[in-house]
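The whole structure should be built from the sequences, with the hints applied where relevant.
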Amino acid sequence: MVPAIWNAETFTDKVGQENSRMMWRFEDKGKREVCLVPEITGLLQETWRESWSKQYRTRNVFYVAKCYRYEKPQRGRYREFTQFGIEMLGSTDTDKAINLLIECLDALGISYTLDVSAKRGLSYYNADGFEAKVETLGAQKQIAGGGKYNEGVGWALGVDRLILI
Amino acid sequence: MLRGTRIIEGEDAIRYNAVINTLRGCLHRS
Chain A
1 MVPAIWNAET
11 FTDKVGQENS
21 RMMWRFEDKG
31 KREVCLVPEI
41 TGLLQETWRE
51 SWSKQYRTRN
61 VFYVAKCYRY
71 EKPQRGRYRE
81 FTQFGIEMLG
91 STDTDKAINL
101 LIECLDALGI
111 SYTLDVSAKR
121 GLSYYNADGF
131 EAKVETLGAQ
141 KQIAGGGKYN
151 EGVGWALGVD
161 RLILI
Chain B
1001 MLRGTRIIEG
1011 EDAIRYNAVI
1021 NTLRGCLHRS
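In the order they appear, the protein sequences are chains A and B. Reminder that position 14 of the first sequence reads as 14 in this note's numbering, one-by-one numbering, no gaps. Reminder that position 24 of the second sequence reads as 1024 in this note's numbering, one-by-one numbering, no gaps.
Fair warning: there could be bad hints in the mix.
[Stated by the list, open to error] Among the chain A residues that face chain B by a calculated CB cut under 7 angstroms, a handful are:
#1 62
#2 73
#3 78
#4 79
#5 80
#6 84
#7 102
#8 103
#9 104
#10 107
#11 108
#12 110
#13 122
#14 162
Keep in mind the hints are simulated off the structure, nothing from the lab. Beta carbons are placed, not taken as given, at the ideal position from N, Cα and C, and that holds for glycine.
As structure tokens, this is what we get:
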């Protein structure tokens, strides 16, 4: 389980310019720049670099976390939303991550399309990523996204969109 | 309630929990 509040700096370089503007960012009483987490991968990457990589060769984690982005609210897009994700830290096995995503989506019994060479918006990805879409959802049809980054590989699913299907 | 936030209740809350339980179960089997 991960905190909802984190150092803003962790995300300002990593979530891309557009998402950086979407952050719920403020100064706390100790004059620290903090934010409500806009996504989870960035904080787990930092935790891997600063701590876990010194204890583990690889580490697989999953999370269910509330995330926060100051975006224009609409159906399937909220300023507080839930992500279910996995990160395989220390791994480069993108195929394994994709297979796990397919297993999870199939377990939900939904019809989706999977793009395994998607250009992802987040700047930490170091290769093409992958995205799953459900066409019937309309404008907010992307339900999952992921890819490989320097510290590992992972993906996240948008739970709020899954319950609209 | 702040704009863009909501209380998830009723059928949506049941589906929300069911989705998370299914995903968790899937990972535990893998």
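Quick rundown of the hints versus the structure:
1. 62: holds, 6 angstroms
2. 73: Because about 4 angstroms separates residue 73 of chain A from the closest Cβ in chain B, which is inside the 7 angstroms limit, the hint holds.
3. 78: holds, 5 angstroms
4. 79: With a minimum Cβ separation of about 3 angstroms from chain B (threshold 7 angstroms), the hint on residue 79 of chain A holds.
5. 80: holds, 5 angstroms
6. 84: holds, 5 angstroms
7. 102: violated, 10 angstroms
8. 103: holds, 6 angstroms
9. 104: holds, 5 angstroms
10. 107: holds, 4 angstroms
11. 108: Residue 108 of chain A check passes; min Cβ-Cβ to chain B is 6 angstroms, inside 7 angstroms.
12. 110: violated, 10 angstroms
13. 122: violated, 21 angstroms
14. 162: Nearest chain B Cβ about 5 angstroms off; hint holds.
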